[in-house]
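**Student:** These are the residues of each chain, in order.
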Amino acid sequence: MTPGASATEHRFGPYGGRYVPETLITALDELTAAWRDASADPAFAAELRALLEDYAGRPTPLYRAHRVEEAIGTGPVYLKREDLNHTGAHKINNTLGQALLARWMGKRRIIAETGAGQHGVATATVCALFDLECVVYMGAEDVERQALNVYRMELLGAEVRPVDSGSCTLKDATNEAIRDWVTNVRDTHYIIGSVVGPDPFPRMVRDFQAVIGDETRAQLEAAEGRLPGSVVACVGGGSNAMGIFHAFVPFGDVRLVGVEAAGEGLDSGRHSAPLAAGTPGVLHGSLSYLLQDADGQVAPAHSISAGLDYPGVGPEHSWLLDEGRAEYVTVTDDRALAAFHRLSRLEGLIPALESAHAMAHVFEAGAELARHGPIVVCLSGRGDKDVAHVARLSGAEADG
Amino acid sequence: MSLARCFERCKTERRAALIPFLTCGYPDAPQSLELLRGTADAGADIIELGIPFSDPLADGPTIQRSSFRALEGGMTTEGTLEVLRAFRAGHDTPVVLFGYLNPVLRYGVDEFARAAVDAGAQGLLLTDVPAGADRALEERLAAHGLDLIRLIAPTTSPERISVIARAGAGFLYYISRTGITGARAQLRRALGKEVEAVKQRSGGIPVVVGFGISTPEQAADVAAVADGVVVGSALIDRCEQAGAEGVREFVAALRGAMERDGPDPPAAS
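Taken in order, these protein sequences are the chains called E and X. Counting in my numbering, the first sequence runs from 4 upward without gaps. Counting in my numbering, the second sequence runs from 50 upward without gaps.
Label pairs and their computed distance ranges (CB to CB):
1) Trp-107/E to Ala-239/X: 27 to 35 Å
2) Asp-167/X to Gly-268/E: 40 to 48 Å
3) Ala-192/X to Leu-396/E: 51 to 59 Å
4) Ala-291/X to Ser-42/E: 52 to 60 Å
5) Ala-191/X to Asp-57/E: 50 to 58 Å
6) Arg-189/X to Ala-48/E: 41 to 49 Å
7) Glu-266/X to Ala-391/E: 48 to 56 Å
Selected chain E positions facing chain X (Cβ under 8 Å, derived; list incomplete):
8) Glu-25
9) Thr-29
10) Val-301
No wet-lab data here; the hints were simulated from the structure. Every residue, glycine too, gets a C-beta built ideally from N, C-alpha and C.
Please model the entire structure based on the sequences and the hints provided.
**Tutor:** Printed below as a string of structure tokens:
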């Protein structure tokens, strides 16, 4: 029997839950109540909608990528342009919603974790906008690798705290953010960056990101007069994927395809694909598929894309996998890098390395996917942040 | 000895129980066993034995460090039970296993609960399983005879304290401050009143206090209001500085300070 099977509250099937220190239970109850009340308040919804439109730049276009279609010889391929959001990715959808919620709860201090820095920048941005104190935890290694985003956060008034415990990456930054929250929970809200963590975060972040799928559905209806045949998105924690999947989950004919990072290959042990190669376990407050060793210690993840470099995944994805409602595939570092270059040349769109994983799958499996109807890819972020990294990798290859 | 029996004995002796925490496998497995024996011999009433975990999100830097060192040295959940088994060969000091859920899930919930009892554990405290988080799991963990120790935090509502107390066994563990584990120079002034409030709702289960207690003086102060005192990070700090002998002396000093204040407890205020 799966561990949570008898408790149905706060869960996606057996997955999710609230496996957190007792100190946080009251705060999670408060957050759940605040979110419920805010969701029912038309003024809250109107304010969020106005911010998404006038500040973040929504709705984002659904762009038909003709040159991609020609290159792979398929029917319609659409890119949902989350890369055009303010701060360069879908992350702002969630941070705007949660910052409004923090204000609703009267909490003046915000903490966040970040890997590559995209969620950290999106959090620092909304904290500047709402005049909230902002502390961002970032693995010491990531601080080194993503110096530009560290400076961006500081420009926006945030304090970036390097975390030098454990593997010094996103997983450890998340541990440290949770420790901060446990310590300062009375005046602090934790803006978690993905559909992970204890309930209500996975469903709340999904709902803030669901605008992606809601817009996509209406836009494709206008363009093609139908539902997509398939929806493809990269999955690290899985927030852009849940955001675009959510509107289509009830429509069984729409194929939902999540793309995990296979890193140097699933056999190498250096990857970030818990759905493909992990087993259920508890990390950061919820039960979900997890990379772990035989003793239940969390295994380090690896991906060329810092945003996918995480050993866990949102619990709803685990449920969609077990239910057979979504399918999950993997793409290696090399294939993602090739797709990064290919989309740049074909469409003049430099994708984030995360989104390049989703594109790689479409480049390879597009012909098969297209048989079901139009393909929609969530272009979750733009690649400006990755240009220096890719240049270094290309240089290394040229030299080597 | 059961936890209940241990608290009865302390009550008869009109003193609070001293509950040191040790990370199993720190600084390595053989020394860890020596620390357990030394701690028991120096006057520990109950020992909390930490099962090391890669992501100890309720712990401060000291216990994190000891966990990582234990894991680097190859300590595992099974290895922790082996150390406990070896300790049981000569000591009947009750032991509460302390850790996080994932290694237990991986071991197998029922298998772990059976193996822990078989190795000689009396209780289990999983910091990321708050009362009611997963009732089926909690029932299975308790089904083989382990007392499931429950945490109560300063942020826990009075109504929830009652709910937790009903789900608790062995003792209730009151977290002395909002935060993670780690030594602190000063305890909060309101602690006595808070512990008293928990006791009123505990349904007779002993209430112990931990998180941040780092000196014999603090231990004595807490012993005056609680049924037991947990000392963790300060012990690991002592081990880093002064080795096993330092730990023994420190435990003896804690016990001595608690006994001096024991016979005539002042009012809880």
